[in-house]
Structures are given as C-alpha cells and as structure tokens.
Amino acid sequence: MSDADGDGAWVSLFSGGKDSSWALYRALETGFDVRRLVTVHPTDESYMYHVPATDLATLAAESIGIDLLDVHPGDLEAGSATDSSVQGDDELEPLEAALTDLDRELEGGLAGVTAGAVESEYQTNRIEGMCNRLDCELFAPLWQRDPRTLAESMLEAGFEIVIVQVAARGLDESWLGRTFDRDALTELESLHEDYGVHVLGEGGEFETLVVDAPHMSRRIDLEYEPEWDGTRGSIRVTDAQLR
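Its first residue numbered 1, the sequence shown is counted upward by one per residue in the UniProt record's numbering.
Hints may be right or wrong, so weigh each one.
[Said to hold, decoys possible] Label pairs and their computed distance ranges (CB to CB): (1) 193 x 173: 20 to 30 Å; (2) 223 x 93: 43 to 53 Å; (3) 181 x 242: 20 to 30 Å; (4) 108 x 133: 14 to 24 Å; (5) 231 x 104: 25 to 35 Å; (6) 239 x 214: 33 to 43 Å; (7) 231 x 72: 27 to 37 Å; (8) 229 x 192: 46 to 56 Å.
Think of the hints as simulated: they come from the structure by calculation, not from any bench. Here a beta-carbon is modelled for each residue, glycine too, at the ideal position from N, C-alpha and C.
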C-alpha cells in the first residue's frame, strides 16, 4: 500500500458508505486524479463488499461529479461456496476484469485504486493482490487506523452519515435511519464494551450511507421505511433525490 501519487488515473472502490467515501475524499484531498468510481453490486450476502443501498451510489457519484462504473458479479448466492476464501476470490474476478478494461480505456492507464478497508485482512489482502497483478498502487487511508479517531475525522470534516443496516446484538430497530454522529459514536463505544460491536461496523455490525460531505455538491434526501425481523434490519428506500 502506498500514499504516493503516480502518473495515470485513479479509481475509487465506492459503495456510498462512510469508509469508501472517506478513502475517496482523502484521495481527492491528496491530489490524486480520480476519474472513476467503481461500485460492485453483490446479489446477496458478500464476504468482500458492502451490500445494502449500493444503488444509491449513482446519486452519490452524480453529486461528487465523477463517472461511476457499476459491476455486477452475477448470481453468486450466499453459501454457494463452501469456503469463504473461494467465494472471496470468485467475487473479486469481475472487479479485476472491470479494472483491467479501465486500465486500457483511461488515458495514462491505471495508476492506483482507493479502498476503505479498516481492519479486514481478508478484504485488503485480496485487493492488494489484485493491484499487484494490475501493476498499480493501493491507497487505503483507513487501514489499521484507530476507529474512534477515524470516526471523529469524518464528522469533523462534515460527513453526514446515515445507518442503513444493522445486524448485531445491542443494535435494535431504533438505529435504522439514525445519523452516525458523536452521540451515536459514544453509544457504539459502550456497545463495543458490552457486546464487542466495532465502532465503525467493520465486522458487518452495521452499514452506512454518506448523504452529504465536502466533496459532494448536493445532499442526498431519502424517504424510507424500516424493515426489522426482530434481530436485524435495514431501511427500504422509497424515494431518493439530490437536493
């Protein structure tokens, strides 16, 4: 992984969630020439990618002003691979193929890829291996940083973050649609002590959507309905538009 710039185009792996959005924001602040956002749309539970609300990445990309490329891995069903390692490799193939095409299409080729991984070696090792094969850099500004410090940095920068899915003990229906702010962060730290909940949701405890940030020209306004099964849930977006 590198913090160094290089000739050619940068591509940002982008779900619309806080971690990938922060990686993109830091890349832009650093001066990288980010010319594409790439959103992977998993069909179900995924070992590699942020799953809920990825369709909203289109609106986010419009607000950011960078062209978005959608990648659909296909009909890989949850549990279809008996080994998580095999499924992770399978899920990476269409992304690598898309980046290979971009390397040929973008002027100057592919200089590097941004990723929002914090602690997941499973995810980061695969992305780093892919970048090695593509002969490009990996920019992962969240990697192995203190989670509380990262969260504070996002909030101080002006990120408005909404929780769109929860799946952990201690996180009930009231968290669906809640703003990820300092009060929420304090509660998450208590839940970390009680239940082991990661304050950034790195273990899949919750997922987020960034609806406004300094690098976005317009805010995403959402209308939604919470869907809760008693132990986990998500928001079902009924309407979304740029203010």
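Right, here's what the structure says about each hint:
no., hint, in the structure
1, 193 x 173: 20 to 30 Å, "holds (22 Å)"
2, 223 x 93: 43 to 53 Å, "violated (36 Å)"
3, 181 x 242: 20 to 30 Å, "holds (22 Å)"
4, 108 x 133: 14 to 24 Å, "holds (19 Å)"
5, 231 x 104: 25 to 35 Å, "violated (46 Å)"
6, 239 x 214: 33 to 43 Å, "violated (25 Å)"
7, 231 x 72: 27 to 37 Å, "holds (29 Å)"
8, 229 x 192: 46 to 56 Å, "violated (24 Å)"
In the structure shown, a violation is registered for the earlier hints numbered 2, 5, 6, 8, in ascending order.
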